[in-house]
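Undergrad: Given chain F's structure and the hints, the job is docking chain P onto it.
Residue numbers (the working numbering), protein chains in the order written: chain F, 992 to 1414; chain P, 1206 to 1628.
Just so you know, these hints were derived from the structure itself, not from any lab.
Warning: the hint list may mix true and false statements.
[Said to hold, decoys possible] Computed list of lysine-lysine pairs in BS3-like fashion (alpha-carbon distance at most 27 Å, straight line):
hint : chain 1 : residue 1 : chain 2 : residue 2
1    : F       : 1128      : P       : 1509
2    : P       : 1264      : F       : 1345
3    : P       : 1496      : F       : 1079
4    : F       : 1346      : F       : 1386
[Stated by the list, open to error] Computed beta-carbon distance windows for the label pairs:
hint : chain 1 : residue 1 : chain 2 : residue 2 : range
5    : F       : 1361      : P       : 1223      : 13 to 23 Å
6    : P       : 1284      : F       : 1003      : 34 to 44 Å
7    : F       : 1123      : P       : 1412      : 52 to 62 Å
Virtual Cβ for every residue (Gly too), placed ideally from N, Cα, C.
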Amino acid sequence: MKTLKLKGLDMSCFTETLENGLEIIFVPYENKKNYFISFATRFGSETTSFIPSNKQKEIKVPDGIAHFLEHKMFEQENGEDPFTFFSKTGTGSNASTSFDYTQYICYGTKNFEENLRYLLNFVKKPYYTDKNVEKEKGIIAEELKMYDDIPEFQLEMKLRENIFHVSPRRIDIGGSIKEINKITKEDLYLCYENFYSPNNMFVLVVGNFPKESALEIIKDELENEKNKGQPIIKTKKENIKIRKKSETIKSTVKVPKIGFGLKIPLQNLDYDLVMLDMYLTMITTLCYGSSSEFRERTRNNKLLNSLYTEWEMLDDFRVFYIMASTNYPEKLLEEIKNELKDLVISEEAFTRMKKVWIANEVKMIDDIDATVNNIFDDLIKYKKVIPNKIELIKKMNIEKLNELIKKIDFENYSIVTMYGKDE
Amino acid sequence: MEYIKKDLGAYNLHIIKTDKFKTITLKAYFRSPIVKEEITLRNILCNILLQSSKNYESKRALTIKAQDLYAADIGATNSRLGNYIVTSFYATSLNDKYTEKGNFTNVVEFISDVIFNPDVKENKFNEDKLDIVKDNCINSINSLKEDSSSYSLIRMAEAFDKDSPLSYRMLGYKEDLDKIDSKNLYDYYLKMINNDLVDIFVIGDVDTPTIVSTIKKYFKLRTMKKKKVPYMLENKKPRSRRLFAKETIDYSQSKLAICNTISELSTFERNYALTLYNIILGGSSDSKLFKNVREENSLCYTIKSVPNKLDNILIISAGIDKNNFKKTVDLIETNMQLMKKGKFSDNDLIIAREYYLTALDDILESPSAIIDNYLMMELLGTDTIEEKRTKITEVTKKDIVKVAKKIKMDTVFCLEGVKDENA
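Chain F extracted, bound-state conformation (with noise of 0.2 Å):
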């Protein structure tokens, strides 16, 4: 395998890629009692167009079919429940899907060995029947409306309808009631034929593991599977600008929300990823983070009651989203648009916040849960681990950033605003 030292934090991550394309990613700890398995594909809610493999024609699959394909994975043939299977000592599982992933888990303190062979053998076997797939329906037509309740889950849901254009981040990563209830089994099986294959998934295992045994274990499962194939997935052009500026919308909540949504095309920004990433999250801490005069000047002026921020990446995109709650939508608005106007880095601000960051590092490293989210994060946005975060953040500068800033359209975000529905 092979080593890549995580400076600064006396730890070591190791890698494998199987012949097939398989990844192998390792992060061993020697002072915890736990460990974490995700088995994951680079296969979202956001692929349902495309050719299968040895196929001419491009198909449409309903929308939400990869979170379906979730739930249904959890049903073997023989009959037994892999939750069952992993309680029986203890043993976590779950799974989740997301625009561009679906991962399956499981973290415990025992039976490791079982239970990596466990999990990789599962997701290996789907088995779906019309009576199971039929009976899934009800439960995520559940799990739709739960989630279609919650207001702030409504406002992004038409940030995104108005920044995007032809993305399929527009479209909810469970679908709708209407799309999920034309899945087939025949659907799901043509989705995981194509997607879940070795060149198209990694296996992260992060806590306290035997390295050699399960390595061995890995490959003994997955070195001999073959690529099902590979599908040719055509994304649309995205239009670089917003698809509409503004929306008023109503729903059931007393006091109004706001949702913000910046788009930045990367066609024009040639920067190393991670390090525009940083920069990028950088500019949007320092403008509305914990410790800005934004966030004094709006409390004070009792604008803001909650309010949160939120990068999402996309292959060709960077969007950032703020998400709050507030009685005075409009002049809130006003604040948040006015901070990106002729913005002004303070240095003092931007030292202060590379040593928190720095700090941030060190304090993540020792939770395992946060270690796993940061390098689970790396591989499906920069489809590697980045070793060496505290020397890049070290390394970031106020020059580079003034550079980046110039570069920014800061005009091009979209903005939803909720009102009550008896106002």
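TA: Then chain P, alone, in the frame of chain F:
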């Protein structure tokens, strides 16, 4: 891991020495018998203390100071523990080894400044800050229904027994908020500082004498260690006829919340047999409710049961379609009956035990969870983790059946989602 308890007169200092973590965590617990009318005061107090202090004039100044201490994390939370309200002030920072000498002492000084050096003039809290905090509080109260799941649990508890502390709204009440001014808030602050029971915990790779002298220096309290009120709520007599209550809400999904009374448990039953009963019934994704209500009947996406040991109740909640209300309640009832009849396998028992043992292992991975465990030992006389490991294996099937017979479905509340009817 080494545990040292020091009697410092007004309070106990608990030091947990371990080199397992790169961080040091301090938690100071202030507690007093809960009074419904004081919950709002307590929340406002907690929030205002984190807005500013005499040395740091704004929330921004506080945040910047925390960042300068290598991203120290400070805060305060309120929660109810049986008949008590507990305010926990916390501070976490990297060990000096990863920062600089004296950093943790500075962190202790900083959190003590927040607690003991409030932004008060002429016996009044800063009016502007109070205004901000009250505004935030009212917005949170107004947004209560947005989280339909928590709202259904609150309404269920109120239907069950509106006079019991278990139904008190921890967010506070509008009518109490209106009565708060800068003067009576300060009076309440003095009451808390001078009368609450206090325990302070520090966990990390620390030097005991240094910690003792640092805490002595920065936590000068004159409270008395006395306890008049028991932690546990009195057993409520189960009502003779089950109570059904409902309310409608403009959402797609309905939330079912069921309160079951638990009567006359021994300490062993409460801490061990009840725990296993719950895991088997609805405490995991391998439970009876998850399998029978979700997987076999497709009635919901979420369903779970949670015991409130100090309140003598067990709560079952699920997100359902309102047309399936009766079917779901009947199925839950059936599963509870099965537990009473001992219709669960030895394997179920083994799985539940493993599940619990893993949860114990997990405690040891989290500084905060380790502190909580010691706090419960201190306050309630619960067992050490090692004792828990042994005692859980002593629980027999018979013990669980005995507990099952003491649990009775009492109040069934449904928050009916009627959105689709209105559309």
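Undergrad: All hints are to be evaluated individually against the structure, with a verdict given for each.
TA: Evaluated hints:
Distance hint between residue 1128 of chain F and residue 1509 of chain P is fulfilled; the C-alpha atoms sit about 20 Å from each other, no more than 27 Å. Of the pairs offered as hints, the one joining residue 1264 of chain P and residue 1345 of chain F holds, with about 20 Å between alpha carbons and a cut-off of 27 Å not exceeded. Proposed proximity of residue 1496 of chain P and residue 1079 of chain F is supported: the alpha carbons are some 15 Å apart, at most 27 Å. In summary, the hint linking residue 1346 of chain F to residue 1386 of chain F is supported, as the alpha carbons are separated by about 12 Å, within the 27 Å threshold.
In this structure the supplied range 13 to 23 Å holds for residue 1361 of chain F paired with residue 1223 of chain P, their Cβ-Cβ distance being about 19 Å. A beta carbon spacing of about 40 Å between residue 1284 of chain P and residue 1003 of chain F agrees with the range 34 to 44 Å that was offered as a hint. Checked against the hint of 52 to 62 Å, the pair residue 1123 of chain F and residue 1412 of chain P passes, with Cβ atoms roughly 60 Å apart.
The earlier numbered hints are all upheld by this structure, with none contradicted.
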